[in-house]
Amino acid sequence: MATAIMMPRQGQSVESCVLVDWLVSRGDEVKEGQVLANIETDKAVFELESPAAGTIVDLFFEEGDDIPVLINIGAIGSQGEDVDDLRPDPTTLAAAQTETQTTEAPSSSALPAPSSGATAPPAAGGGGGISPRARNAAARGGVNVNTLAGTGPGGRIIERDVLNAAANMPHMNRAAAEAASQGMTAPAQGSGPGGMVLARDLKAPAEGAVGKPLSGIRKLIAGRMHQSLATTAQLTLHMSFNATAIMTCRAHVKEKGKSLGLPNITINDILAYNTVKTLVEFPEMNAHFLGNRIAQYPDVNMGIATDTERGLMVPVVHGANNLSLAEFSVKAKQILKDAQAASINPDLLSGGTFTITNMGMLGIEKFTPILNAPEVGILGVGCPHLQPVMRDGEVTHIQAITLSLTIDHQAVDGAPGARFLKELCMALETFELTTGG
Amino acid sequence: MPKHQIVDPTQERKPGKLEFPEVPLNAYDGTIADELKNLGKDALLGMLEDMLLIREFENMLNEIKTAGVYEGVEYDHKGPAHLSMGQEASSVGQAFHLTVDDHIFGSHRSHGEILAKGMSAIRKLDDKSLLAIMKEFMGGECLSIVESNIKTSSVKDLGRQFLVYGALAEIFGRKPGFNRGLGGSMHAFFTPFGIYPNNAIVGGSADIATGAALFKKINRKPGIVIGNIGDASMGCGPVWEAINFAAMSQFTTLWEDEMKGGLPIIMNFMNNFYGMGGQTSTETMAYDVLARMGAGVNSDAMHAERVDGYNPLAVADAIKRKRAIIEKGEGPVLLDTLTYRYSGHSPSDASSYRGKDEMDLWHNVDSIEWFSGELQEAGAIDNNGLETIKRDIVSVTASACRLAADDAISPRIQASFIEDVMFSNKQRDSYDESREPELLEVGANNPRIKLLKKRSRAGIVDGKPAPKNKVIQFRDAIFEAVLHRFKEDPTLVAYGEENRDWGGAFACYRGLTEALPYHRLFNSPISEAAIVGTAVGYALEGGRVLAELMYCDFMGRAGDEIFNQMSKWQSMSAGVLEMPLVLRVSVGSKYGAQHSQDWTALCNHIPGLKICFPATPYDAKGMLNTALRGSDPVIFFESQRLYDIGELFEPEVPEGYYEVPFGPPAKRRDGSDITIITIGATLYRALQATDILEQKHGLKADVWDCRSINPLDYEPLVESVKKTGRLLLASDACERGSVMQSIAQNLSQMAFDALDAPPVVVGSRNWITPCAEMEDSFFPQPEWILDAIHEQILPLPSHLVTSNQTTGEAVRRARMGV
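Protein sequences appear in the order of chains E and V. The first sequence lines up with residues 6 to 442 when you count with my numbering. The second sequence lines up with residues 528 to 1345 when you count with my numbering.
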């Protein structure tokens, strides 16, 4: 009896994984636990281990295929064994193959019967293809279909998905719309009458540019960022605070932390942790804007934006408000390390209620972070810099850090945003290690 | 089922024995001397000339087929040539006494019959009439080619050259041919000389010729009809059906007054003893002597005889005697005309199934050798005279061959011409305006008319569907359209099973028995092939006919007649013939696997048929009116689920005459979220689904009733799909290969860019129809339509499926073949 090699489900939110490469071929002998393949979710790369010892009888998919989870992708058994029963059904395959044209279809005559019934939930990224009507609507309305999630059968992008997206798009003329649908970027406001976006307003790649297809993660980031700007009203507020207190703490930890049994608490940890504590006081900032309602969350799930080799990732410390600073520090370090290694549990890459992003180590003083929609706030952290202050009638310099808070003005007005930022700055200026205990 | 004819058990149960009349074999005993006296020298020499002409004509084709050259004319004829060398005496003898009013129908091997009948007509027509016929035919095109290329000595000589060239050009598929080259060798004919269609289907002419005889009888036309079919066709069911139809008792027991009497037809078997390579009398058939079969048909044994077809005088004598019988009203007649073909079935046939010994025996008694020898002996002609005739004939065939083989003189027809002759598209109130229609009670005293007067013409009364027994129903709409045309067109006849007295199994014709004499409305035998085949013959003779098949499932029994005959003769005749034949076909339910099928797709696949399937009383009357005023063959589908419904869409079913054109589909609901197209009774279940879509999901459907299947005007459907982007098609036909699949495919193509999902077909399962109680697992249900929309087109929030309409299931079913 052959054993199926199944595409594992890498976390609750994952619908499908890309088969990056096979490390074995048909006919190879494998041991249980041997790494058979590398697979990639939109967030991380995993090793797929063999569920049994035996011969690789068949591999049902090719490298590069986007494969729904819990589908058999190969079979281990004895040489020449009939493994047709383990083949996945053809509809799933069809859906998987719309994205990757190069894949050969497995012999359909050997496919087992699917049994029934209900439609699969919509897959993100239009895994089910796009209808001609939706494609036309996208061309007319200047919607980049790569950013859409289909709601038709099998995740097909249908007309309503495009119309919904187009409702949030700037007003364009025909030429601009056509160009935009091909992936060129449209500004929110154009140079035409009444702010209409014209073709010349679109940013085209310069001549001589080298075309490079987008990776899965790049596509995802592009989609999220675009959607964020397209669907939210972003307002960024800047405020500096005297970083002396937290820098003192950091020095203290560096010097005596080990002996006190403390983990390596960083400036980042302190900043994030104080943000968590302040968010508890400002529930309207710890929220999602969902179009027709706002969801406020009792717990703070703090997303920490981080640059990885594969691009921007935002691992999340869930329930951060229930942690001590030390605990927070340990957790944050672990998820950041996992994210860098691309082995993070995908569930830890979602569910954030607020995000912090630090560009200080790159020398950036202040910037305008883009919301991780539908979150209503994101806090940007700049680099420490000397700032002159008047003290006792004289100009002196302090180490200051500028915080850049972007809020979704649809959900939060400027004043409460400012009050939140002020409260956070005060907390940071008066921070003592013991208070954060 | 006439009530005054009693089936009496005392009579039926009496002992006794059946006596059969004697069937004469080769009874002719005339001599050349007698016939020289009776018929005259010229007549007999004419017979000899015609036999020589046929022999040379067939010899020419044999040379062309086997050597590619005849008398120096090189030609490659790609099509068929079923030759009749050896059979000349049978066709010349038959044609001798026939007039232009006598019509012959033939087979795939009928070149000889065409020439014999053509020469007979040329000899009998006066010069003026002959010239007029040739000048009028297809604008004189054929004649002018002959006139400008060949020198002829007289009008009759011109007529012969015209006949030979017209037939050969037709065989070679040329535009100046008798049927523009669209008929070819096996279908050539020339109605002005009384030569009616020859048929490439073995026995195909039997029921068509019977229908032609029916036309002559009912419309009091002069002349008789001869169906020339082969001995092997005696093995074909439709031939038997035709013989029985032609000999039905009612012609003598029930038809009134001067209509009393048998059909004026000779069913003539050109018995050459072979059917392809099968030897009939000693191998493939049971009859021993073919003429025996007449004895099994009626008490006259159909006046059957075996006639020696190797003696033209014997055949001519037989035709003369049989015509007299027919003119007394004692037809039909069966003739077994023995003959022998020297060639194989076709030039590609090596005659491996018969020996040289046998062929030598027939060559030894060759009819031409014998007949010319006898005439020489009697001093009617000398050797020189014979040679002169032969040379003259070769010059006629060689001239014809030279012209017919020449692409410049005899071009092909433009292919687009075929499109123009697929339908005649005429509107004719009557096929004979010189006569008043024969009618009985068609006024207020007609029981049906009296009943309908009391009924509401509107189907919706006070905003609600009126009770069924108080409205004009679908079946009443059919009645009104039929009665109207009966009052307009004296040639119209209607028949089928239980059409008279009973009024049709579904009561559409109740009241017509009181309205019409027997010869305009009668009961046919349960012979679907003969019902349709005779109707084809009736129509191509120039009469309007309304035939009926009680269940769609019985179409299989009339397969050849519907698919090869009814559909093709207008175009194969190059527009010479019209086919005003409406075939009503009832689609059943509740009666299981062989009484519940919708075969619209089979008909739709066949070029040359107009097909409709009205779903409302308004359309039923309007479309039947259109069909019955047209000139084209129409398959008129009706659903037994709908016979009792009232009109729910139009304000009423008008009492007066109106037409609903073929082509445009009817919009039944207006919406912009999804297009739903239905055929037939499925409309009403689709409307239930439409209501649910609107009430539960806020979606409005654009619902179209595809009442006209062919022709079909796609424009409104394309516009609808462009509007909605979504398309579902439903009909009660089994899903695989249904009309809906064709329409879905066409709309995918025509509106591809507008589609938001693939068009989805909801049809019946590819199963047998189960018992009535289980039909909801077979025929499309409203829930299936919703499920298909949910799975394939637009997920419906909170919808719970009750059937499996997924792609995976479709793949599985297809793989299983179910």
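Quick caveat, the hints were computed from the structure, so don't treat them as lab data. Note that the structure is a prediction, hence the values are computed from the model and not measured. Among the clues, some could well be false.
As the list claims (entries may be wrong) - For the chain E half of the interface with chain V, some residues (derived, Cβ under 10 angstroms), not all of them:
1. Ala-142
2. Thr-152
3. Thr-156
4. Gly-157
5. Glu-164
The beta carbon of each residue, even a glycine, is placed where N, CA and C say it ideally should be.
Hint by hint, here is what the structure shows:
{"no.": "1", "hint": "Ala-142", "in the structure": "holds (9 angstroms)"}
{"no.": "2", "hint": "Thr-152", "in the structure": "violated (19 angstroms)"}
{"no.": "3", "hint": "Thr-156", "in the structure": "holds (7 angstroms)"}
{"no.": "4", "hint": "Gly-157", "in the structure": "holds (7 angstroms)"}
{"no.": "5", "hint": "Glu-164", "in the structure": "holds (5 angstroms)"}
Checked against the numbered hints given earlier, the structure breaks only hint 2 and satisfies all the rest.
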